[in-house]
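Participant: Which chain is which? The protein sequence lines are V and E, in order. Counted the way the numbering used here counts, the first sequence spans residues 1 to 180. Counted the way the numbering used here counts, the second sequence spans residues 1001 to 1085.
Some hints could be false.
Claimed, not checked - Derived DEER-like restraints, expressed as beta-carbon distance ranges: (1) E:E1002 - V:H120: 32 to 38 Å; (2) E:A1070 - V:A170: 22 to 28 Å; (3) E:T1033 - V:H114: 29 to 35 Å; (4) E:P1065 - V:A174: 42 to 48 Å; (5) E:E1038 - V:S132: 18 to 24 Å; (6) V:H120 - E:K1026: 21 to 27 Å; (7) E:D1073 - V:T7: 34 to 40 Å; (8) V:N140 - E:P1010: 30 to 36 Å; (9) E:K1042 - V:N151: 38 to 44 Å; (10) V:L138 - E:M1001: 21 to 27 Å; (11) E:T1033 - V:R67: 44 to 50 Å; (12) E:K1026 - V:Q87: 15 to 21 Å; (13) V:V46 - E:D1073: 31 to 37 Å; (14) V:N151 - E:A1070: 28 to 34 Å.
Don't read these hints as lab results, they were simulated from the structure. Predicted model, so just to flag it, every value in this text is computed and none were measured. We put the CB at the ideal spot given by N, CA and C, even for glycine.
Here is how the chains run, residue by residue.
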Amino acid sequence: MRLFEATHVFKYDWATVSLANWRKYPSEKTPHVRHVEVLNQEVDPVTGVLRTERLIMVCQNVPALVRKVFGGDTSYVLEYSEVDPNQQTLVMQSQNLTFSNLLTVGEHITYRPHPENAAHTTFTQSAQLKASGALFRLANRIEDMCWNRFNDNAHVGRLGLELALSRILAERQAMVQAPQ
Amino acid sequence: MESIDSKCTPLKHEFDACFTRWYSEKFLQGDKTNECEEAFKKYQTCLRAALKEKGLTKMIGEARPTVGSAFADDDGDDGGSKGSK
């Protein structure tokens, strides 16, 4: 089993960052994310929490060995999230659907206002990578390879979010400047 | 971004546009009324049929507990094992 952990501070307020999270895809930064579908969505009438379930289809170049073992390079991920606008939290949890008999990747993400600076947002990400079943003997190699790939994806994912943020800001600027 | 099934893409785009507008202008301001429900229902009907066709419905249902989702599909199965062909 391998653990991945990362934190990052976005220099924008939580509301803006949480909006950027929904506008992250499609992005030139993350071409491996091909489709993002909303499966279910509801607002809790009592708490006001927005619950969303998404299906993400990922397709990326993988080493020949991995393709051989897994039988392809297209995979599906299920993601469940809760946004609490009062507490200002966005929590997402995801798990791969495809190949899960061989390898599971469970990811947990949170966005909260920075404890010392409400104009910034703290992003935390953790993931558990676990090879199993037929891959048991190759577990360490497969987990290392997947960890590296996860690390690369996490990096471009942050760049994708930064890009979504800059688009939102450009739009706001344009709205301010546009004649009423 | 295209939908998994190109038939659903226009409905998905309509919903996505509605959602991002509603999220920033209403939801984050404390308004709980879901304005995009109608657009979502149309998109969802199309999408569910596509997921069923691709045999993904069962896999999604099985993974729900691992991500903490309490959602369920109304129509449950993939339809592959029942009935005659």
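Participant: None of the hints should be skipped; say for each whether it holds.
Facilitator: Against the structure, the hints:
no. : hint                         : in the structure
1   : E:E1002 - V:H120: 32 to 38 Å : holds, 34 Å
2   : E:A1070 - V:A170: 22 to 28 Å : violated, 38 Å
3   : E:T1033 - V:H114: 29 to 35 Å : holds, 30 Å
4   : E:P1065 - V:A174: 42 to 48 Å : holds, 44 Å
5   : E:E1038 - V:S132: 18 to 24 Å : violated, 43 Å
6   : V:H120 - E:K1026: 21 to 27 Å : holds, 24 Å
7   : E:D1073 - V:T7: 34 to 40 Å   : holds, 35 Å
8   : V:N140 - E:P1010: 30 to 36 Å : violated, 47 Å
9   : E:K1042 - V:N151: 38 to 44 Å : holds, 39 Å
10  : V:L138 - E:M1001: 21 to 27 Å : violated, 34 Å
11  : E:T1033 - V:R67: 44 to 50 Å  : holds, 47 Å
12  : E:K1026 - V:Q87: 15 to 21 Å  : holds, 18 Å
13  : V:V46 - E:D1073: 31 to 37 Å  : violated, 24 Å
14  : V:N151 - E:A1070: 28 to 34 Å : holds, 31 Å
Comparing the model with each numbered hint stated earlier shows that hints 2, 5, 8, 10 and 13 do not hold.
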